Amino acid sequence: MTPSPASSSPGAPSLDIPEATVAPGGTATTSLTVRNDSDIVEAYTLEVVGDCAAWATVDPPRVSLYPGTSETVTVRLEPPRSPEVRAGEMPLGVRVLPAEHPEAVRVLETTVHVEEFRELHTELAPRRRRGWLRGRYRLAVRNQGNTPVQVGFTPGQAGEELAFAFSPAEPKLEPGESAEVGLRVRTGKPVWFGAPVVWPFTVDTAESGDEEETQRDPSAVRAPLDAEFVQIPVFPKWLLAVLAVLLALLLAWFTLVRPAVRSAAKEAATEAVQPRPTPPGEQAGQSPGTGSGAGSGAQRGGQGTGAPSGAGGDGSSTGAGQSAGDGTVIGGGQQSSATIDLQTSGGETKAGTYRVPEGSVFGVTDIVVANFQGDEGVLTISFGDRKITTIALETFRNQDYHWVTPIKIPENDTVTVEVTCDKPGTPATGRRAQGCHEVLNVSGVLSRTTR
Numbered sequence: 022m023t024p025s026p027a028s029s030s031p032g033a034p035s036l037d038i039p040e041a042t043v044a045p046g047g048t049a050t051t052s053l054t055v056r057n058d059s060d061i062v063e064a065y066t067l068e069v070v071g072d073c074a075a076w077a078t079v080d081p082p083r084v085s086l087y088p089g090t091s092e093t094v095t096v097r098l099e100p101p102r103s104p105e106v107r108a109g110e111m112p113l114g115v116r117v118l119p120a121e122h123p124e125a126v127r128v129l130e131t132t133v134h135v136e137e138f139r140e141l142h143t144e145l146a147p148r149r150r151r152g153w154l155r156g157r158y159r160l161a162v163r164n165q166g167n168t169p170v171q172v173g174f175t176p177g178q179a180g181e182e183l184a185f186a187f188s189p190a191e192p193k194l195e196p197g198e199s200a201e202v203g204l205r206v207r208t209g210k211p212v213w214f215g216a217p218v219v220w221p222f223t224v225d226t227a228e229s230g231d232e233e234e235t236q237r238d239p240s241a242v243r244a245p246l247d248a249e250f251v252q253i254p255v256f257p258k259w260l261l262a263v264l265a266v267l268l269a270l271l272l273a274w275f276t277l278v279r280p281a282v283r284s285a286a287k288e289a290a291t292e293a294v295q296p297r298p299t300p301p302g303e304q305a306g307q308s309p310g311t312g313s314g315a316g317s318g319a320q321r322g323g324q325g326t327g328a329p330s331g332a333g334g335d336g337s338s339t340g341a342g343q344s345a346g347d348g349t350v351i352g353g354g355q356q357s358s359a360t361i362d363l364q365t366s367g368g369e370t371k372a373g374t375y376r377v378p379e380g381s382v383f384g385v386t387d388i389v390v391a392n393f394q395g396d397e398g399v400l401t402i403s404f405g406d407r408k409i410t411t412i413a414l415e416t417f418r419n420q421d422y423h424w425v426t427p428i429k430i431p432e433n434d435t436v437t438v439e440v441t442c443d444k445p446g447t448p449a450t451g452r453r454a455q456g457c458h459e460v461l462n463v464s465g466v467l468s469r470t471t472r
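Under my numbering, read the sequence shown as residues 22 to 472, first letter to last.
Hints were generated in silico from the structure; no laboratory data involved. Bear in mind the structure is a predicted one, so any value in this text is a computation, not a measurement. Just to be clear, a hint being listed does not mean it is correct.
SDA-like cross-link-like pairs, simulated, lysine to any residue; straight-line CA separation at most 25 Å [what the hints assert, rightly or not]: (1) Lys408 <-> Asp387; (2) Lys429 <-> Thr401; (3) Lys444 <-> Glu379.
Make the full structure from the sequences, and use the hints.
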């Protein structure tokens with residue numbers, strides 16, 4: 022290089038630095054010549070100052086010159102490949118400090134042209150997403166180049182089953198700046214049954230509007246990011262198995278179990294309505310009728326009546342009412358029933374009776390006793406001198422007894438119900454009763470005796 026004119030200061034060097042161009046990550050050099058125009062031997066210390074000082078050096082950093090001599094030194098430029106070194110023009114300064122005349126220090130300047138480089142770093146997370154119709158992903162983009170860029174994304178998929186949406190679609194990044202972009206992937210229609218469907222796709226990242234420069238820069242070529250969207254069915258496999266089992270059970274019910282149940286129910290109903298066997302000379306199948314009033318039993322031809330009688334023998338009992346209902350004439354007698362309604366005060370014992378009419382015999386087949394208040398005490402049923410049963414009132418609300426062979430009660434004999442009232446119960450009204458109240462219905466065949 023041609024040295025500059027000599028300085029008027031004693032010992033001042035003659036300096037000149039040409040401009041230089043350097044690529045980040047590479048190396049470039051420039052040079053300057055130091056000339057001693059003084060009349061003494063001088064030593065010069067050379068040091069790079071300014072924005073380039075971090076990645077620029079002078080070789081050698083110190084020179085000693087005799088009067089009238091010169092030496093050329095090299096300035097080495099090695100900028101790192103980093104977003105911190107911006108592309109464009111940067112000032113370069115070299116300070117030259119004479120040892121003998123430090124007041125004659127000079128700073129020589131030139132311009133360094135830093136070339137552009139583009140580098141994007143992109144990450145996609147997660148790489149695999151599951152869903153019925155859509156999946157969400159995150160794209161982390163960082164501009165590791167030394168110039169601002171506007172980033173664009175290009176999705177790729179083998180078919181047209183997926184739709185893609187980026188938010189934001191084209192972010193602009195300064196050198197060293199990062200951004201997070203949301204990616205939504207959606208399918209056109211759901212999968213109802215069966216196995217999951219895997220949709221692979223890719224995402225390519227590039228600088229928008231700089232396709233030609235990107236193609237010329239090998240470092241800007243990036244492999245697309247691979248990802249998958251797994252579309253799961255709306256109804257899983259195990260649900261199909263459960264539905265199949267339920268359908269099989271339903272078919273089995275309608276074809277096997279239900280007919281068997283209906284047949285068993287029909288047989289049970291038929292058996293329940295079959296008539297009870299009755300003694301010879303009498304007809305069965307008649308249901309006892311429930312009478313009311315004075316408890317009378319009608320005989321064939323309308324002759325004779327049976328009336329309930331009390332303990333005094335006058336046809337009634339104190340505190341009790343009896344009634345009898347006429348039935349249909351069957352065989353040698355007619356179906357008849359009588360009701361004894363007995364009310365007893367608490368702590369007392371009372372009896373109600375029904376007397377068989379004179380000239381008749383009463384064949385008893387059924388009795389029903391009702392304790393509808395839930396009274397507590399003891400109830401005894403007797404046919405003449407025969408005690409039929411004694412039961413505790415608190416053990417039942419309704420009780421019935423039936424005989425295939427009638428129990429015969431002769432004329433003027435009685436059906437007696439005796440109640441000892443320990444504690445009156447509570448009827449449906451919800452208020453405790455003043456006394457016990459029981460009802461006995463006795464039914465059977467009332468026949469006329471022949472003499």
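Each hint tested on the structure:
Using a Cα cut-off of 25 Å, the hinted pair Lys408 and Asp387 holds, with the two alpha carbons roughly 15 Å apart. Among the hinted pairs, Lys429 with Thr401 is consistent with the structure: their alpha-carbon atoms are about 18 Å apart, no more than 25 Å. For the proposed pair Lys444 and Glu379, the alpha carbon gap of about 38 Å is over 25 Å, so the pair is violated.
Hint 3 from the earlier list is the only one contradicted by this structure; the remaining hints agree with it.
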